[in-house]
Structures are given as C-alpha cells and as structure tokens.
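Colleague: Chains A and B are the protein sequences, given in the same order. Note that the numbering used here gives residue 59 to position 59 of the first sequence, counting from 1, and the numbers run on in steps of one. To convert, take the position in the second sequence, counting from 1, and add 1000; that gives the numbering used here.
It is worth saying that the hints were derived from the structure and are not from the lab. Do not take every clue at face value.
[To be verified] To spell it out: a stretch of chain B is covered by chain A in this simulated footprint if at least three of its residues, at any positions, have a beta carbon under 8 Å from a beta carbon of chain A; those stretches are:
1) 1098 to 1112
2) 1125 to 1132
[Claimed, not checked] Below are the SDA-like pairs computed for lysine to any residue, each with C-alpha atoms no more than 25 Å apart in a straight line:
3) 1114/B to 1098/B
4) 1114/B to 40/A
5) 1114/B to 1155/B
6) 1114/B to 1138/B
7) 1114/B to 1095/B
8) 1114/B to 1076/B
9) 1114/B to 45/A
10) 1114/B to 47/A
11) 1114/B to 1088/B
12) 1114/B to 1070/B
13) 1114/B to 1131/B
14) 1114/B to 1087/B
15) 1114/B to 1097/B
16) 1114/B to 12/A
17) 1114/B to 14/A
18) 1114/B to 84/A
19) 1114/B to 1055/B
20) 1114/B to 1151/B
21) 1114/B to 1127/B
22) 1114/B to 37/A
23) 1114/B to 44/A
24) 1114/B to 110/A
25) 1114/B to 39/A
26) 1114/B to 13/A
27) 1114/B to 43/A
Model, not experiment: these values are computed from the prediction. The beta carbon of each residue, even a glycine, is placed where N, CA and C say it ideally should be.
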Amino acid sequence: MSEAIRGVVVTHADLAAALVAAVRAITGDEGGLVAMSNAGTDRAALARLIGEAAGPAPAPVLVFTDLVGGSCTAAAATVARERSGMRVVSGVNLGMLLDFVFHREEPLDAAAARAVAAGRDAVREVGR
Amino acid sequence: MSVALYRIDDRLIHGQVVVGWGQSVAAGFIALVDDAIRASDWERELYRMGVPASVEVRFAGVAEAAAQAPAWEAEPRSGIVLTADIATMAALCAAAPSVRRVNVGGIHFRPGRKERLRFVYLADEEAAALRALAATGVTVTAQDVPTAAPVPLEAFT
Chain A
1 MSEAIRGVVV THADLAAALV AAVRAITGDE GGLVAMSNAG TDRAALARLI GEAAGPAPAP
61 VLVFTDLVGG SCTAAAATVA RERSGMRVVS GVNLGMLLDF VFHREEPLDA AAARAVAAGR
121 DAVREVGR
Chain B
1001 MSVALYRIDD RLIHGQVVVG WGQSVAAGFI ALVDDAIRAS DWERELYRMG VPASVEVRFA
1061 GVAEAAAQAP AWEAEPRSGI VLTADIATMA ALCAAAPSVR RVNVGGIHFR PGRKERLRFV
1121 YLADEEAAAL RALAATGVTV TAQDVPTAAP VPLEAFT
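Chain B extracted, bound-state conformation (with noise of 0.2 Å):
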C-alpha cells in the first residue's frame, strides 16, 4: 500500500510529520483533507511553505479524498494522508473503505476534553467516535513520532 500514514493531528503539516514522519517513510506526497483548507489559496500556500520540494502536497475535500484515495494507494510513491479531526477522518473512512487503518498523531487540550496521553486529548464524545470508527474494522492506534510504539485504541478511550 502506498499510503504509509491516514493521520488526524490538529496541527496538520508540521514539523513532526515533515521531518519525523515524512523522513521515515520516505514521502513522496501528503495530501491535506480539508474543507476549509482546500477552499483557501492562502492556506494552501502556507502549508506548502516549509514541506521539502521533492514532496508533493495535495489538497482535498473529503469526496475528492475518497474519490482519490485508491489511485493514491496505487502510487510507487509513498504517502501521507492528514486530517485535522475524527470527524474528517471518520468521514473519509466511510466514503473510501480501502482506509483501513488511522494513526492519530495529535489532538490537543481544549475545553471539555480530557487528557487521554501526553498528545491525544479527547471530549466522551471524540473517544466515542474513535470506538465506533474502530467497530467498523478500522484499526486505530495512536503515535505521535515513528520511533514510538503505537497505542492500542483501547488504552486511551
């Protein structure tokens, strides 16, 4: 498969996915599911700002993702698929089953959640909503940097 990585962290293209995880899977792409992003020339322009120029960054809404996510899969390429939040992960998994595993990278304190690990804060809600995503089939574990060991979904939810 050529999709190393289906990521949700709310901080998208940073630095632990360029460097930390762009480095060790060798990407050849990120494609950024977004919304709002996708809609956004200036956005767009940001997160392309500091990814090497030998990765190519791809901009999507979710029904373009999924649309995409098979020819992305098929690529020589390695590559690294970002979602900000389940909600767009959980989205994209349904509309693309050949998703079948989700990584979630970073999601960070805001009111209401609760700290789950040191970089995975969830709402009841949220942690309900990795659990469904899961009872799908989906295998999801969380991992903020390749040289740690993934976590089971059922340790942090």
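The following block holds chain A by itself, in its conformation from the complex (with noise of 0.2 Å):
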C-alpha cells in the first residue's frame, strides 16, 4: 500500500471550497482536500501557494484543478515540473473527488489516471 496522496483542489472563485465541502457533506472525508482559489493571485503567488499546500516532496500530492487553459492548471503545471510526487489533472468534478477520496493509496500514477477516467464517467446525458 502507497503512502497517502494528498489532495489539493485549485479553482477559480470558489468553486474548490464549494466542492470540497460536498465531498465533506457526502462520504464525511476529513482533511482530504485541501481546498484553493485563485482570487486574487498571478501565476507566480498561487504557484508558491500551491507549492505550500503541497508540502515536503516527495511526498505524492494530486492536483485537481478546473480549466484546461486556466491560471489554476498553468501555476500547479508550473510546480508539478520542478516537484517530484506531483501530478496535476484538470476538469476536476464532483465524481471525481468522491472517487479520490476513497483511493488515496494508490500509486500516484494509477491514481491521477483514475481520477481522469472516474471523472469522465460523471459525464452523462441521463433521462431519455
């Protein structure tokens, strides 16, 4: 068994927070995610914030982060190249963080390609 992954979630506005609370309010998961926003920050101020909430390399930290394009997964991008134990994925969801939570001792590896494929599997057309 991996050590546990870290979680970290960095979005625009707060959309982290309100998804990490869901997440809380759902499976009752407990210091998990850690929960960012990018208000008020240019890449280089949430690439350092991200840094700290990541903690010590190499310890393994999953970065959830919104938009494909966006400052989130630029400044997490821009950390994971120079931290060892770090992956980074974007498009996070509820469906995705509610899987994570309960995987966390995966291999960093299997566990970002399985927050990719759990989050996908959220997306549904459903009712016809």
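Reconstruct the complex from the two isolated chains, following the hints.
Modeller: Have a look at this one:
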C-alpha cells in the first residue's frame, strides 16, 4: 500500500471550497482534500501557494484544477514540473473527487489515471 | 482593426481571456508577447494547452510583435494581443505606433502594490508608467471581462 496521496483542489472563485464541502457532506472525509482559489493571485503567487499546500517532496500529491487553459492549471503544471511526486488533473468534478478520497493510497500515476477516468465517467446525459 | 484587444494581464492566457474575451470578440488568434516565453518550448506548450483548436496561438518577443502588428491588424480574423506587464506593453506601443488602445485586464497583488481596482494592483511607478503611456496618445482603460464597463485611467491611477 502506498503513502496516502494529498489532494489539492485549485479553482476559480469559490468552486474548490464548494467541491470539498460537498465531498465532506457526502463521505464524511476530513482532511483528504485541500481547497484553494486563484482569487487575487498572479501565476507566480498561485504557484507558490500550491507548492506550500503540497508540502515537501516527494510526498505524493494530486492537484485537481478546473479549466485546462486556466491560470490554476498553468500554475499547478509549473509546480509539478519542478517537484517530484506531483501530478495534475484538470476538469475536476464532484464524481472525480468522490472516487479519489476512497483511493488515496493507490500509486500516484494510477491515481491520476483513475481520476481522469472517474471524472469522465461522471459526465453523462441522463433521462432518455 | 483586426486586433480587438491589446491586454495587460499577468495570468496571460487563462479563463477570462480564452472563454470570456475569446468568445466575445470571436478570436481567431491570440498573440502572447513575452521574450522569455517565446524562448521556452515548455511554456509555449503550456499556454497552448487549453486554447480551442479553432484559435491560433502565436508567441513573439517585443521586436517580433512590433514587426507583426500591422499584419495582425490587417487580418480578417479577430485577435487578442497579450503582455504580462506594463513595461512590455509600453515597449510594444513605442515600437508599434498603430497600437492605440490598451486594456488593463489583470495585475495582481505583490508587495509594494496598492489596490486600485478589484483586479488591478499597482505600485506608484507602475501607475505613472500607465499615465506616461496615455500621454503618448494611447487610450488606457481597465476591464477584466467583456461584460464589465471599461474604467478610465484617471479613475484607477
């Protein structure tokens, strides 16, 4: 079993806090996810905050961001390029995070791939 | 004029630019003017990553951008030109006299800067640099998203 992965959710406005609160309400998870907003930050400042939230390398960290072309993703990718043990998945949704908190002890690469799959699987047309 | 927006934004290509302004002006290209990013394969790839395939992303140093500006403005497609800071935009304006309007879209807090607008923090010398740019005949306004009203320079410097 691998060391538990820390999840850091980085989004525009208050989306991350709302997603983490929803995960907590549904699962009771406490502490598996950290929420961050890009509000008021340039890319360098946001990268610094993400690095602080991740903690020291090489402890495993999976960063979830909202928009593939957004500042959160750019900042996270910049940190991940320099820090070992960090992967970034964009397009975060509630289904992705719910799956993640129950699989935090998977190897990091597998967890990143799993998050992508879970996020995609959560998007469906329903009712027809 | 084909360049719909000359924008100073320290986040460069990000959500407000790609989704907000990109949709609003029906951007066919985004030109990112930054000497360091122009020289970095990895950063160019990073900034290209989230832009729809229908929007061409161009990278240029200041001198290249100044040389290209007349061609960009003659294109049938609408475009957005970005710099991360005031100094780069001022250098572009000095070298490309056809640039007559500058949008201050996002300059975030750093030590030494004061809040001028929710999305604009400036040190005194940066405010002076914007006023100097305006004194050359360039219209400078602040506006983060297309649905907001542009704020005249005098109201935030």
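Colleague: Each hint: holds or not?
Modeller: Hint check:
1. Coverage of the segment 1098 to 1112 of chain B by chain A holds in this model, with 5 residues showing a Cβ closer than 8 Å to a Cβ of that chain against a need of three.
2. Counting residues of the segment 1125 to 1132 of chain B whose CB falls under 8 Å from any CB of chain A gives 0; the rule of at least 3 is not met.
3. Taking the CA atoms of residue 1114/B and residue 1098/B, the gap is near 31 Å; set against the 25 Å cutoff, the hint is violated.
4. With a C-alpha separation of about 12 Å, the suggested pairing of residue 1114/B with residue 40/A holds against the 25 Å cut-off.
5. This hinted pair checks out: residue 1114/B and residue 1155/B have alpha carbons roughly 14 Å apart, not beyond 25 Å.
6. With a C-alpha separation of about 23 Å, the suggested pairing of residue 1114/B with residue 1138/B holds against the 25 Å cut-off.
7. For a cut-off of 25 Å, the pair hint linking residue 1114/B to residue 1095/B is broken: about 29 Å separates their Cα positions.
8. Distance restraint check for residue 1114/B and residue 1076/B: the Cα-Cα separation of roughly 40 Å exceeds the 25 Å cut-off, and the hinted pair is therefore not satisfied.
9. For the given pair, residue 1114/B sits about 16 Å from residue 45/A by alpha-carbon distance, which is consistent with the 25 Å threshold.
10. Taking the CA atoms of residue 1114/B and residue 47/A, the gap is near 21 Å; set against the 25 Å cutoff, the hint holds.
11. Between residue 1114/B and residue 1088/B, the direct Cα distance comes to roughly 20 Å. Compliance with the 25 Å bound is thereby established for this hinted pair.
12. For a cut-off of 25 Å, the pair hint linking residue 1114/B to residue 1070/B is broken: about 35 Å separates their Cα positions.
13. Taking the CA atoms of residue 1114/B and residue 1131/B, the gap is near 16 Å; set against the 25 Å cutoff, the hint holds.
14. Of the pairs offered as hints, the one joining residue 1114/B and residue 1087/B holds, with about 18 Å between alpha carbons and a cut-off of 25 Å not exceeded.
15. With a C-alpha separation of about 30 Å, the suggested pairing of residue 1114/B with residue 1097/B is violated against the 25 Å cut-off.
16. Between residue 1114/B and residue 12/A, the direct Cα distance comes to roughly 22 Å. Compliance with the 25 Å bound is thereby established for this hinted pair.
17. Of the pairs offered as hints, the one joining residue 1114/B and residue 14/A holds, with about 24 Å between alpha carbons and a cut-off of 25 Å not exceeded.
18. A distance of roughly 36 Å separates the Cα atoms of residue 1114/B and residue 84/A; the hinted pair therefore is violated under the 25 Å criterion.
19. A C-alpha spacing of about 35 Å is found between residue 1114/B and residue 1055/B, which places the hinted pair above 25 Å, so the restraint is violated.
20. A distance of roughly 17 Å separates the Cα atoms of residue 1114/B and residue 1151/B; the hinted pair therefore holds under the 25 Å criterion.
21. Taking the CA atoms of residue 1114/B and residue 1127/B, the gap is about 10 Å. The hint holds against a cut of 25 Å.
22. Under the criterion of a C-alpha separation no larger than 25 Å, the hint pairing residue 1114/B with residue 37/A is consistent with the structure, at around 21 Å.
23. Only pairs whose Cα atoms come within 25 Å are accepted, and residue 1114/B paired with residue 44/A is accepted, the gap being roughly 18 Å.
24. Of the pairs offered as hints, the one joining residue 1114/B and residue 110/A is violated, with about 45 Å between alpha carbons and a cut-off of 25 Å exceeded.
25. For the given pair, residue 1114/B sits about 16 Å from residue 39/A by alpha-carbon distance, which is consistent with the 25 Å threshold.
26. A hinted pair counts as satisfied when its Cα atoms are at most 25 Å apart, and residue 1114/B with residue 13/A qualifies at roughly 21 Å.
27. For the suggested pair residue 1114/B and residue 43/A, the alpha carbons sit about 18 Å apart, so the restraint of at most 25 Å is met.
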